[in-house]
Amino acid sequence: MKKQFNLNIQKPCGESFDNFQKTQAGGFCQSCQKEVIDFSEMSEREIVHFFQNQAGKACGHFRAPQLKAYTVIKSGKRKNNFALLGAGLMGFSLLSLLNPQKSQAQEKNPPPVSPVNHDQASHQNGYLQKQKELGLLEGLVLFEGEPLPGVNVIIKGTHWGTVTDMNGRFSLSNVPDGSTIIFQSVGFNTQERVYKEYALDIMRVDFKNCEMRLMGEVAVEEIYASKPSIWQRIKNLFR
Amino acid sequence: MIRLVLFLFCCGIGHLQAQVSDFEGVDFRKADSLAALYRGEDLSRLPFLTYKLTAPLPQAVEKFRAIYVWVAQNIENDYAIYLKNKKKREALPLGSPELQAWNQSLQSQVFKKLVKEQKTICTGYAYLIKEMANLVDIPCEIVDGYGRSVQSNIGGKGVANHSWNAVQLNGKWYLCDATWSSGYFQLPERKFVFDFVEGYFLAEPELFARKHYPLDEKWLLIDQAFKLEEFLNAPLIYKDAYQYQIIPQEPREMKLNLKKGESLTFKVKAPSDFDPEDLTIQKGFVATRQTLNTSFQRNEEGVLEANYTFDRLGRFDLHFVVEEATVLSYTVRVQKK
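Note that the protein sequences, when read in sequence, are chains U and D. Positions 1 to 239 (my numbering) are the ones given, in order, by the first sequence. Positions 1001 to 1337 (my numbering) are the ones given, in order, by the second sequence.
Hints were generated in silico from the structure; no laboratory data involved. Warning: the hint list may mix true and false statements.
Derived DSS-like pairs: lysine-lysine, alpha-carbon spacing no greater than 25 Å straight-line [claimed, not checked]:
(1) D/Lys1052 x U/Lys156
(2) U/Lys208 x D/Lys1116
(3) U/Lys208 x D/Lys1113
(4) U/Lys227 x D/Lys1052
Keep in mind that this is a model prediction, so the values were computed, not measured.
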């Protein structure tokens, strides 16, 4: 299963990384009393790995080309990928650009990383906002705590959707915000959920057993016949 | 213009359509052809199947028709589960923990068989109709109750043994029975024959109630009082009564105990365009039927009436017949004075 996340800096900070006191992971920023992690030397793979495991807020020092979309290819080993990813999404916000002149120009909406003077603005500091891919819906369907494969997951009003896999999981992309998602499988009560684009948790659905009485009747082609007595049967023979 | 032609067409074969008159102007042929188009599809992608059956149809009643016809023509009655379940339901009291335990264990088996073999009992049909209708936002409920046939609920205290559906169309509730619309079992081979019965689709509640008594009486959908006891002891009607819209009125009881020489007046409701001469009464058993020497006339209230004097001793069944189809039965015992 592939996943994507974006790294970008919304509000760069004005501190100079080179002035920080060196630490094991990067440097210490006096103004906000935090360790700034040096990502500038990390490979793409190391960055992906970092964000899979990182929880809580952190501050980072980047080269400009590193602020882009990353693709994560899941190994499928860990159970709680989703929980970690959710935590990892939280809490990267931005401090400043390395270059003071550039930081003045970045106010509310920092422009995407455009071709700039490589020497000056090639490195950036700050908290990161990791963006969730918009329109992506991922989820899990369970019955009595066990994953349920083969559940139909449909976007209401369309003939578009998917089916849960062996692990009860599913994924749909480009789902319009506010869509109603239908979860259906014969033998269970169909459920609905509303998809919110900005929700960070996966969509989890617990199926319950149908509460039904099984009545059992079928259609039989028979005309009523009361049992004739032996005498009547004999009489009938002579009719 | 086409509407008018269709309307006349529908009227012309009116006696074949035992549907509620509310939908007389609707042409169900498009819905029926969609149902035929998707014959053989399985149930694993139910929302997609439902979408395909209904998306091209403008009105809710047409969508429901496509769903209903598809289910009736693709899902088979399951005799094995019927027998197994019948014995249990007759032995265990309704609402008892033993019956609930039995129900639980049977349920997963029923659903597995439904998806795998497209074979099920009445509750499976009712479940499917409800799920598919709800997927296209048509309010629909499962109604449990007493189903009446030769094999069940003639006299006695009653065994709740059947499920059917109530569906809301244009703000009004209607009744239908997909299990019995599907076809029938040929006995003794127990071979199921697909044979669509129009009469159970949106049937007149008064007629429907003669073979379906709901556990929750609100689903009777009729104004007059009709109690379970009357239901259990009334003359037995068959599916062809729905085809011709024949509803017995008098006598109200199926089992008639008479004295020799006694007369009875039989009263039966029938549509205004029904020819009284088409209805005859036959006496006797399956192989040896005789037609009674009497005939029906329409009285001032528009009800068909026939008189007969029972001047011979004996025990026999009376069958009301229209064009070789038996529509209802009484059973009679004539004794000495």
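Status of the hints after comparison with the structure:
This hinted pair checks out: lysine 1052 of chain D and lysine 156 of chain U have alpha carbons roughly 14 Å apart, not beyond 25 Å. For a cut-off of 25 Å, the pair hint linking lysine 208 of chain U to lysine 1116 of chain D stands: about 21 Å separates their Cα positions. A C-alpha spacing of about 19 Å is found between lysine 208 of chain U and lysine 1113 of chain D, which places the hinted pair at or below 25 Å, so the restraint holds. With a C-alpha separation of about 50 Å, the suggested pairing of lysine 227 of chain U with lysine 1052 of chain D is violated against the 25 Å cut-off.
This entry does not satisfy hint 4, going by the numbered hints stated previously; all others are met.
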